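2 protein chains.
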Amino acid sequence: MEHLSVKHAQECILEAIGRLDVETVRLEQALGRVLAEEVRANRDQPPYDVSAMDGYALRGADLAVIPATLALIGDIQAGDMPSLTVQTGQCARIMTGAPLPQGADAVIRVEDTQSAGEGGVQINRAVPAGNDIRRLGENMRNGEVVLNAGTEITPGVIGILATVKCAQLQVTRRPRVAILSTGNELEGMDEPFDPNKIPNSNSYALMAQVQALGIEPVLLGIARDNPAELAEYLQRGLKFDVLLVSGGSSVGVHDYVRPTIEALGVRMLFWRVAIKPGHPLAFGTTSKTAVFGLPGNPVSSMVCFEQFVAPALRGMMGHARLYRRTVTARLAHAVKTRPGRTEFIRVMLSGDDAGGYVATSTGTQSSGVSLSMARADGLLVVPATCNGLAAGGSVTVQLLDGTAFQDDVGFRE
Amino acid sequence: MEHLSVKHAQECILEAIGRLDVETVRLEQALGRVLAEEVRANRDQPPYDVSAMDGYALRGADLAVIPATLALIGDIQAGDMPSLTVQTGQCARIMTGAPLPQGADAVIRVEDTQSAGEGGVQINRAVPAGNDIRRLGENMRNGEVVLNAGTEITPGVIGILATVKCAQLQVTRRPRVAILSTGNELEGMDEPFDPNKIPNSNSYALMAQVQALGIEPVLLGIARDNPAELAEYLQRGLKFDVLLVSGGSSVGVHDYVRPTIEALGVRMLFWRVAIKPGHPLAFGTTSKTAVFGLPGNPVSSMVCFEQFVAPALRGMMGHARLYRRTVTARLAHAVKTRPGRTEFIRVMLSGDDAGGYVATSTGTQSSGVSLSMARADGLLVVPATCNGLAAGGSVTVQLLDGTAFQDDVGFRE
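Heads up: the sequence lines are chains A and B, in that order.
Everything in the first sequence is counted per numbering that gives the first Met the number 0, starting at 0 for the first residue and increasing by one.
Everything in the second sequence is counted per numbering that gives the first Met the number 0, starting at 0 for the first residue and increasing by one.
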């Protein structure tokens, strides 16, 4: 069977999966979810013209000659509904967010004024009508659609939902995800230490990759290398929306993994992708479950998760943004690769003086060195056509978890 | 009082706060936390020389003439401890991760071989000694420090912790955060609709910003504009590690907010920062609580949270990376600004053909337009010395939540 390109494999997966159904969550639980309904404003916001500053409400025409001294006729707090009217030669003290009183057409901030004795205020700067006023409905108009279905719920969106008093909302459900490791060589977390075994790290790294997408997966444990035990574990996994099988899909174990998995009704769509590290990578579906066969090697498993599983899980949750963010970086040193497969090189990112990024390999790219994944900020993508990369070249780096923040502020004031 | 620069305010805050104490968490709960202990390998990993491929273990010297036919003497699965010895002219079938048998010094992958009838394998490519073998201890050596204290726990780090079977670990505690809104004009989420009031969106936007850092805050509600009620609410807030007070710290309300807060033993370190949108922004401390006075305006509140509160909360949790990640982008259009304050312009990011970013304003930058924050991918940073920015210029954009993923894959294969 031919090796699929990364892109074709991604397309095949995304065609096979669909957006999940809808559930209702409280606003407090909505962060990171995707809105499954349209949301409209339930009032004009602000509900009246308000002051944008702490200062004085006045008539712009009174400031033809500066400084001007105006008579202070009152004090308007946010939340007040003022009954006073500002006449020519008058002003009213006003707080940020407080309603503009009748008669006033501008606000001047307190910093541009000074006291002028008993009941008077000296205005030191002329301002036009409309100055520092937020107009009725400037933020949103009653009945207007303020958020579309499909919007990812960020903190800014939470602010809008609270503004329209949306205490509960419809979002796309999260997939239920099961993780199964396979292999006689694996030692479970709670099993006694055996110097000849290999700790089951993949289940936990995959768990964390799933958690990083906002999903709490279920660990099914380790299925040993025999068809009956594997079938039993796989059946449990096929009750979930997504089943991740770690290991067990390479050439040699096809003998029983592939027949076992197909006998359970999984239609396998592909077994091979032209990716390094990574192949073998398998994908299949039943009517309700998407099944990923991930490589047993820890680095390969994590890299394949990011390229294939994360976009699928994001798509099921209704996200429009499925792929890890990429940045352009300058390569600190030459990288040897061979053409044929798209390669993902673990790199650390640092900044250069011009505000750009420099990518440096985490060291040996042996896929057995899982520490290289722990140290990586990103994955440098080497196209399958490349015959190595030169030092100083411009490269594309996919950002991994842990890169939302950086060491220094990154801008000049 | 003079306006502090953003940088000086950040430094003042970071000097005043400290790393919190340590707690023990299970591996399943450790993602995103910061390791508070050094972690060492508890075995050599791999524990023996293992095959990096599914293929055949053999002696490289037997491949002087290609193709070579070798006698197949056995089959080694991962998890087996082989007792056989590969002699000259022999090979053993071997699975990825399985121990190399005695006598063999190389592995050839199955794709470079074919069956040669009963008990024989034809090898079609010469490989040197050491080929496709992962050496004992290649990933980690028993006793070696594999993770330092201060490491942020990403999925890759979870994989390492599982490899050394660290089911429980010491991490820096998360701060307990309380959020208090102030103002007579505010309408609580559960209060009846009043067309003259303004919904309390800030508490929820701040809640989500805190949640995005992995912390579940407590909402204290709304304190009305009177000193006694404010004092009561502030006292509740001062039982937490961090108290965020939304609104109430602008010029006009200093009259009672500042004395009230200082009467409760809070030492105020600053009240003014040269930031737009944003000022007034206040910061103070007691012996146990860091108190932030955030602007009442929703956009200003969120922008100030990202610049001042997020780094503080990250620092308390032990992170080395305190500041939002920045990228360089090309500005799609001119931006008018006035010198004097560091400005943060809400922008959307898109990609250009060369793999770079283009920043486009979300529209009106009135700080009353909270929808602009909901639509933003990032904050374009305009230095305080700038007198506007020209179209096409290179600018720095701070990435906001919701940008870890993007619409398209972003690389060529």
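It is worth saying that the hints were derived from the structure and are not from the lab.
Only a predicted model underlies this, so the values are computations on that prediction, with no experimental measurement involved.
Heads up, a few of these hints could be off.
No copy labels: a pair is met if it fits in one copy or bridges any two.
[As the list claims (entries may be wrong)] Derived DSBU-like pairs (lysine-lysine); straight-line CA-CA distance at most 30 Å:
| # | residue 1 | residue 2 |
| --- | --- | --- |
| 1 | 164 | 287 |
| 2 | 164 | 196 |
| 3 | 287 | 6 |
| 4 | 275 | 335 |
| 5 | 238 | 164 |
| 6 | 335 | 164 |
| 7 | 335 | 287 |
| 8 | 196 | 6 |
| 9 | 275 | 164 |
| 10 | 238 | 287 |
| 11 | 238 | 6 |
| 12 | 6 | 164 |
| 13 | 196 | 335 |
Each hint tested on the structure:
{"no.": "1", "hint": "164 x 287", "verdict": "neither (36 Å within a copy, 34 Å between copies)"}
{"no.": "2", "hint": "164 x 196", "verdict": "between (56 Å within a copy, 12 Å between copies)"}
{"no.": "3", "hint": "287 x 6", "verdict": "within (24 Å within a copy, 53 Å between copies)"}
{"no.": "4", "hint": "275 x 335", "verdict": "within (13 Å within a copy, 47 Å between copies)"}
{"no.": "5", "hint": "238 x 164", "verdict": "between (37 Å within a copy, 29 Å between copies)"}
{"no.": "6", "hint": "335 x 164", "verdict": "neither (56 Å within a copy, 34 Å between copies)"}
{"no.": "7", "hint": "335 x 287", "verdict": "neither (42 Å within a copy, 54 Å between copies)"}
{"no.": "8", "hint": "196 x 6", "verdict": "neither (36 Å within a copy, 52 Å between copies)"}
{"no.": "9", "hint": "275 x 164", "verdict": "between (49 Å within a copy, 27 Å between copies)"}
{"no.": "10", "hint": "238 x 287", "verdict": "within (8 Å within a copy, 49 Å between copies)"}
{"no.": "11", "hint": "238 x 6", "verdict": "within (28 Å within a copy, 53 Å between copies)"}
{"no.": "12", "hint": "6 x 164", "verdict": "neither (42 Å within a copy, 36 Å between copies)"}
{"no.": "13", "hint": "196 x 335", "verdict": "neither (33 Å within a copy, 64 Å between copies)"}
Of the numbered hints listed earlier, those contradicted by the structure are 1, 6, 7, 8, 12, 13.
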